[in-house]
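Q: Here is how the chains run, residue by residue.
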Amino acid sequence: MESFSVIEYISHNFTVIIDHLGTFAFAISGVRLAVNKQFDWFGAYVVGFITAIGGGTVRDLLLGVTPFWMLNASYLIVTAIALISFVFLRRIIERMNITIFLFDAIGLGLFTVVGIEKSLDANYPFWIAIIMGMITGSVGGVLRDIAINEIPLIFRREIYALACVAGGLVFTLCYYLGLSLPWTNGISATTVIVIRILANRFHVQLPTVK
Amino acid sequence: MESFSVIEYISHNFTVIIDHLGTFAFAISGVRLAVNKQFDWFGAYVVGFITAIGGGTVRDLLLGVTPFWMLNASYLIVTAIALISFVFLRRIIERMNITIFLFDAIGLGLFTVVGIEKSLDANYPFWIAIIMGMITGSVGGVLRDIAINEIPLIFRREIYALACVAGGLVFTLCYYLGLSLPWTNGISATTVIVIRILANRFHVQLPTVK
Amino acid sequence: MESFSVIEYISHNFTVIIDHLGTFAFAISGVRLAVNKQFDWFGAYVVGFITAIGGGTVRDLLLGVTPFWMLNASYLIVTAIALISFVFLRRIIERMNITIFLFDAIGLGLFTVVGIEKSLDANYPFWIAIIMGMITGSVGGVLRDIAINEIPLIFRREIYALACVAGGLVFTLCYYLGLSLPWTNGISATTVIVIRILANRFHVQLPTVK
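Residue numbers (the numbering used here), protein chains in the order written: chain A, 3 to 212; chain B, 3 to 212; chain C, 3 to 212.
Pulled out of the complex, with its shape left as it was, chain A reads as follows (with noise of 0.2 Å):
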């Protein structure tokens, strides 16, 4: 019994759910660039605040909508528990280079996905939906290098960007097929973090012009 409520809870919250992993996740990824660059901690912070909320940010003003995160003081919080867990855990968290590439990869795969989601709920068609899921998915980070003035390496590292693509034209497949709402975003998300760490792997990238 217990179990199933459990279940059901998780299948009615899973995009409210999965957009505070990949919060945790970005924002993660946001903290640790920003200390190396030896950023105080509230310049770690705010870095670790824009990485995980600047691409939904940038597609809910877009979308004509009041950004998510400021109808809900939960991802400000998320932020805060992802800066104190980097604290305590850096060296573990560092030794493990692989951890940090997964939470990026986990991130956007689960971001892409919210951003497709929340755009169809608008009413936009497929076709916006998708670029609105590689927005959510892509613009933290480029809004982060930003901020720690690196080049934004996005359009010519392994296949990132169009990694959300591709997820949400899966996502639009499962649509078609019928499939239910939380396989069809299960499905989606694994496909980005399956390429992205397939790509990463074995270093595909995309042929130059000419």
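Hint data in this document are derived by calculation from the structure and do not stem from the laboratory. Some hints could be false.
If several chains are the same, the list does not tell them apart, and a pair holds so long as it fits within one copy or across any two.
What the hints assert, rightly or not - Derived SDA-like pairs: lysine to any residue, alpha-carbon spacing no greater than 25 Å straight-line: (1) K39 - N151; (2) K39 - V167; (3) K39 - R92; (4) K39 - T192.
Could you slot chains B and C onto chain A? The hints should help.
A: For chains B and C alone, coordinates are given in the frame of chain A:
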């Protein structure tokens, strides 16, 4: 009879037509710079798109309306055509450096007029419309320069944003003189383009302070 | 009788007045940096304007209201006055480096209060108002630094954005203590300005992580 219909069609759809011509011109300029920076084809596409729609997007966010490219997939398609044209005609385009410059100047003039008209349609006064014309014309190039990590040269090179302001003043003048919309559009776009070409040809620059 | 009216006028228009004073202070700081980078006078004007209205514009986009400077041409005019003042008083201003710093600190304090008030007027809770106060005070300087291609130092130099947060907390406290609006405004703006001056004078910096 037929040629009359064509003229009528053009005069009724002037804004839409010049908007797409400007999109093509700006997308080419973005794609070209991205390709020269070894961006992959997806990156080149995204930079071309940002260059083409960046100014109008900032304008629409400031005006509080849905960004124009979200209402119609044609801007995505025009950018794709620009990318393909560039790939196949690259040698010719690169050899004719003057062509690239002309594309940029034409895009500047066309976008300025589109920005002015859209602001007036939204019932803003002329001084806002002139600023919005300048934003529509200039901001895409600034975002392009940030995306490819170049210094935005807009404030230091030969008269650029100021050409948009001149076009806006000419538009205002034509309006109060009672000229028809196609004539007003044509004269003010031409003003921007001619000023830009002359400033570049004769290296006209504004004085620095002191 | 007359002096009473002046006080009454000031207390009724406090937000408008400090908004324009802050605009002047921030515009001067933008113009000065642009001139030192050999920008032409139009470029200096645009950078001054962006510095002055950038924070409030981002705030208004997030709050979903029309950017304040689009409702009233006075911000364009104040920026023009700042540019002219700078040109004619440049020697005096440059010699008094402390003056520039004071202008910046005063602008920071005034804009923080304006941002807080506007958010509360739009029925947002205090935690949003505090963030909007910080954005209003800090973002103009960040955009200025990006426009002149300098590294945004905001996250690394002596307490800056955090001074805005402190001012926001003091505002909240005054509000719950039932102080009148002019007093609340004055005390919290002063808090920001004093913290900023003391932090700069004694080189107070937050600790970095670890």
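Q: Each hint should be assessed against the structure and marked as holding or not.
A: We went through each hint and held it up to the structure:
1. K39 - N151: Answer is both; intra-copy 10 Å and inter-copy 19 Å each pass.
2. K39 - V167: between (31 Å within a copy, 23 Å between copies)
3. K39 - R92: Within one copy only: 15 Å inside, 36 Å across.
4. K39 - T192: For K39 and T192, the Cα distance exceeds 25 Å both inside one copy (32 Å) and across copies (32 Å).
Consistency with the previously given hints fails for number 4 only.
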